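Peer 1: Sequence:
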Amino acid sequence: GKSMNTIHSNDFGFFNEVNDVIQREPIDFLDPELRGNLAAIGIRKGEPFSPSEHMKTLLTEGVVLGNATARALTFAPRHPETRLYGEESEWSQIFV
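Just so we're on the same page, our numbering is the position in the sequence shown counted from 1, plus 220.
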């Protein structure tokens, strides 16, 4: 079988992973809105991802905040439909 790591980087490397996917997959696998969001930070199909030092700093801070937010929402979800098997269950879904 093929070995695959499904846990993304929790640092700037995350954006390199996203860029790798954008370069590898067909352009229309994402809708134009998401492609525009990625283009705004310098990730574009067929172009190198080479952000400035300032952008790297911003993206690195963004990864820290995004990671913390995802962990907080997973640890203490507010939406009642997050828990798959009732309030006592630790099985949950991220996207509600």
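These aren't lab readings, by the way, just hints derived from the structure by calculation.
Bear in mind that the values here come from a model prediction, so they are computed numbers and not experimental data.
Incorrect hints may appear among the rest.
[Claimed, not checked] Across the chosen pairs, the derived CB separations fall in these ranges: (1) Glu308 to Asp240: 38 to 46 Å; (2) Glu237 to Pro297: 33 to 41 Å; (3) Ser309 to His274: 41 to 49 Å; (4) Gly266 to Phe232: 41 to 49 Å; (5) Thr294 to Val238: 18 to 26 Å; (6) Pro252 to Glu310: 34 to 42 Å; (7) Glu308 to Ile227: 42 to 50 Å; (8) Asp240 to Glu281: 40 to 48 Å; (9) Phe295 to Asp251: 38 to 46 Å.
[As the list claims (entries may be wrong)] Here are the simulated EDC-like pairs of lysine to aspartate or glutamate, each with C-alpha atoms no more than 20 Å apart in a straight line: (10) Lys265 to Glu307; (11) Lys222 to Asp240; (12) Lys222 to Asp248; (13) Lys265 to Glu301; (14) Lys265 to Glu281; (15) Lys222 to Glu237; (16) Lys276 to Asp251; (17) Lys222 to Asp251.
Glycine is no exception: its CB is placed at the ideal position from the N, C-alpha and C atoms.
Peer 1: Does each hint hold? Answer for all of them.
Peer 2: Structure-based check of all given hints:
no. : hint                         : result
1   : Glu308 to Asp240: 38 to 46 Å : holds (39 Å)
2   : Glu237 to Pro297: 33 to 41 Å : violated (26 Å)
3   : Ser309 to His274: 41 to 49 Å : holds (44 Å)
4   : Gly266 to Phe232: 41 to 49 Å : violated (22 Å)
5   : Thr294 to Val238: 18 to 26 Å : holds (20 Å)
6   : Pro252 to Glu310: 34 to 42 Å : holds (37 Å)
7   : Glu308 to Ile227: 42 to 50 Å : violated (27 Å)
8   : Asp240 to Glu281: 40 to 48 Å : violated (22 Å)
9   : Phe295 to Asp251: 38 to 46 Å : violated (30 Å)
10  : Lys265 to Glu307             : violated (43 Å)
11  : Lys222 to Asp240             : holds (18 Å)
12  : Lys222 to Asp248             : violated (26 Å)
13  : Lys265 to Glu301             : violated (36 Å)
14  : Lys265 to Glu281             : violated (24 Å)
15  : Lys222 to Glu237             : holds (18 Å)
16  : Lys276 to Asp251             : violated (25 Å)
17  : Lys222 to Asp251             : violated (29 Å)
Violated hints, listed in ascending order, are 2, 4, 7, 8, 9, 10, 12, 13, 14, 16, 17; each of the other numbered hints is respected by the structure.
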